[in-house]
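**Student:** Use these hints to put chain B onto chain A, whose structure you have.
Listed here are the chains, written in short residue letters.
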Amino acid sequence: MTPVVSLRGASLKFGTRTLWENLNLDINPGEFFAVLGPNGSGKTTFLKVLLGLQELTTGTAVLAGQPIVRGNPRIGYIPQQESLDPDTPLRARDLVGLGVDGHRWGIRLGGAKVNRKIDGLLEQVGALDYAKVPVGQLSGGEQQRLRVAQALATDPSVLLCDEPLLSLDLQHQQAVSALINEQCHEQNSAVVFVTHEINPIMDYVDRVLYLAGGRFQVGTPAEVMTTEVLSKLYGSRVEVVHANGRMIVAGIPEAATHHHEDAHAVAGEVG
Amino acid sequence: MDLDSVLHSIFNFENYGELLVLVQNSIWAGAVLGLLGGLVGTFVMKRDLAFAVHGISELSFAGAAFALLVGADVVLGSLAGSVVAALLLGLMGVRARDKNSTIGVLMPFGLGLGILFLSLYEGRAANKFGLLTGQIVSVGTVQLQVLAGAAVVVMLALVAIWRPLTFASVDPAVAAARGVPVRGLALGFMVLLGVSVALSIQIVGALLVLALLITPAAAALRVTSSPRLVVLLSIVFAVTATVGGILLALGGRLPISPYVTTLSFLIYVACRVIGGIRAKRGLNGRVVRPAPAPA
Numbered sequence: 000m001t002p003v004v005s006l007r008g009a010s011l012k013f014g015t016r017t018l019w020e021n022l023n024l025d026i027n028p029g030e031f032f033a034v035l036g037p038n039g040s041g042k043t044t045f046l047k048v049l050l051g052l053q054e055l056t057t058g059t060a061v062l063a064g065q066p067i068v069r070g071n072p073r074i075g076y077i078p079q080q081e082s083l084d085p086d087t088p089l090r091a092r093d094l095v096g097l098g099v100d101g102h103r104w105g106i107r108l109g110g111a112k113v114n115r116k117i118d119g120l121l122e123q124v125g126a127l128d129y130a131k132v133p134v135g136q137l138s139g140g141e142q143q144r145l146r147v148a149q150a151l152a153t154d155p156s157v158l159l160c161d162e163p164l165l166s167l168d169l170q171h172q173q174a175v176s177a178l179i180n181e182q183c184h185e186q187n188s189a190v191v192f193v194t195h196e197i198n199p200i201m202d203y204v205d206r207v208l209y210l211a212g213g214r215f216q217v218g219t220p221a222e223v224m225t226t227e228v229l230s231k232l233y234g235s236r237v238e239v240v241h242a243n244g245r246m247i248v249a250g251i252p253e254a255a256t257h258h259h260e261d262a263h264a265v266a267g268e269v270g
Numbered sequence: 000m001d002l003d004s005v006l007h008s009i010f011n012f013e014n015y016g017e018l019l020v021l022v023q024n025s026i027w028a029g030a031v032l033g034l035l036g037g038l039v040g041t042f043v044m045k046r047d048l049a050f051a052v053h054g055i056s057e058l059s060f061a062g063a064a065f066a067l068l069v070g071a072d073v074v075l076g077s078l079a080g081s082v083v084a085a086l087l088l089g090l091m092g093v094r095a096r097d098k099n100s101t102i103g104v105l106m107p108f109g110l111g112l113g114i115l116f117l118s119l120y121e122g123r124a125a126n127k128f129g130l131l132t133g134q135i136v137s138v139g140t141v142q143l144q145v146l147a148g149a150a151v152v153v154m155l156a157l158v159a160i161w162r163p164l165t166f167a168s169v170d171p172a173v174a175a176a177r178g179v180p181v182r183g184l185a186l187g188f189m190v191l192l193g194v195s196v197a198l199s200i201q202i203v204g205a206l207l208v209l210a211l212l213i214t215p216a217a218a219a220l221r222v223t224s225s226p227r228l229v230v231l232l233s234i235v236f237a238v239t240a241t242v243g244g245i246l247l248a249l250g251g252r253l254p255i256s257p258y259v260t261t262l263s264f265l266i267y268v269a270c271r272v273i274g275g276i277r278a279k280r281g282l283n284g285r286v287v288r289p290a291p292a293p294a
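Residue numbers (numbering that gives the first Met the number 0), protein chains in the order written: chain A, 0 to 270; chain B, 0 to 294.
Note that these hints are calculated values from the structure, not bench results.
Cβ atoms here follow ideal geometry from the backbone N, Cα and C, with glycine treated the same way.
Some hints here could point you the wrong way.
Claimed, not checked - Stretch by stretch, here's where chain A covers chain B in the computed footprint (C-beta under 8 Å, at least three residues):
| # | region |
| --- | --- |
| 1 | 12-20 |
| 2 | 54-60 |
| 3 | 159-165 |
| 4 | 272-286 |
Same shape as in the complex, but just chain A:
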């Protein structure tokens, strides 16, 4: 199987700060790949590298057999739910439409074909009922369904998700992650899912990349999410506790979290 994403000897440094060094990684089609770690560990920067918005300090990155370029249509990108302003002058279908032809110059001509495409995408994520509702009036979960539809507009071979479940309630977290997983397994797209909370996607994750303290570990959740491995990454004693089918990481050192309140070890949160 040819990997969709391939990193060789990849390092990223900002000044004296090292986010990761000598990372070798292959992500395969149909694989659900989670990127975990405390805030400031470089999770989002990892996505930016794949999007072509951030250059590696050393090493190479290949996506779908080609060197990484900005605006690659083989990539679908799903941002955090909060990225939409409540007053955004768009209806649900217009947001999805941006994913279809928003990057093209000029104005949209011959809208019938685009409209059919938008209807199909809305149907795929179950959003037809609110196709004409202004996006600002939709719930967080509904907005994220539209984000999935928007990202699927180019039939991407890899979905990059940047904390797409943040600030959603439990029910919507499950619905949206199930939707992303569906795309992963039915369309055989690779999913790269950045999150600091592994529990909502625990059932879907094939492998994780855990970033912490300038170090990283790649493997299945069972291999990586252990007291021994995480303690080594953080360089201090970190406890992984299993309770009620959830996984809790306790004792993450303050210094690793780069002044972010939501990165403390709270019940149900990983990092």
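**Tutor:** Just chain B, lined up with the frame of chain A:
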């Protein structure tokens, strides 16, 4: 002055037919600016640039005042002032908060410069006042052609970048991920905005440009979220305000701007009321089913 004569100076429709012929060019100019303002305004709202428009117009005023002082072309002076201001804003502030403080610093400086140049100017007082509050200038045919030509260029450029500019304005993170040149488009739009402000100042004056570039689009957004309808309504509202304002102003002996701004304001109030009623009734286009499936 009693109430009667006040009213007489606001509304006076004697010899209206003859006047109308004389100001034909002004009416056309108003229509062109309405069209331009309505179009550009929709992006001003999407990009949250209302305050920037105000800042640009003050520097545009300073440029026009300087041109008046040194005997240069006023339109060119105002154009230079607003494009410089727009580029400065585009280059300096990426985040909204940076941008607002930059504008807050530029605006009083521009206004101060303008007042300085005007106090040094020894020509007709009406010329000074017109820069700030607008006037029915007896627009000549050549002037109208230049204005219309410039407006057409701005509108064509706007149409050319329409889709990526929309994407970059309402959804910048995803637009950047899709390879849309977010930063370049922001700068490009600022230049178009600068030119539009300079053109609008000729009719409504530096202080009241907002009535042309913001109020119509803001009103349209109150009643619809459909991108096409927003543009259409915004243009209709802006043209109604400018052309209607000029037609009403003919009757009195006041500057044109109070008429344009009042019309613009009334349209906005009406749209707010309609939007409020619709929101109260919960009419937002959602398909309501008897037993809704859980989202």
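**Student:** Work down the list of hints and note, for each, if the structure agrees.
**Tutor:** Hint-by-hint comparison with the structure:
1. Only residues whose C-beta sits within less than 8 Å of a C-beta in chain A count toward coverage, and the region 12-20 of chain B has 0 of them, not enough to reach three; the restraint is violated.
2. As drawn, the region 54-60 of chain B meets chain A at 0 residues by the rule of a beta-carbon pair under 8 Å; below three, the given contact is violated.
3. For the region 159-165 of chain B, the proposed coverage by chain A is satisfied: 6 residues have a C-beta within less than 8 Å of a C-beta in that chain, meeting the threshold of three.
4. For the region 272-286 of chain B, the assignment as covered by chain A holds, since 4 residues bring a beta-carbon within under 8 Å of that chain's beta-carbons and 3 suffice.
In terms of the numbered hints stated before, the structure departs from hints 1, 2, listed from lowest to highest.
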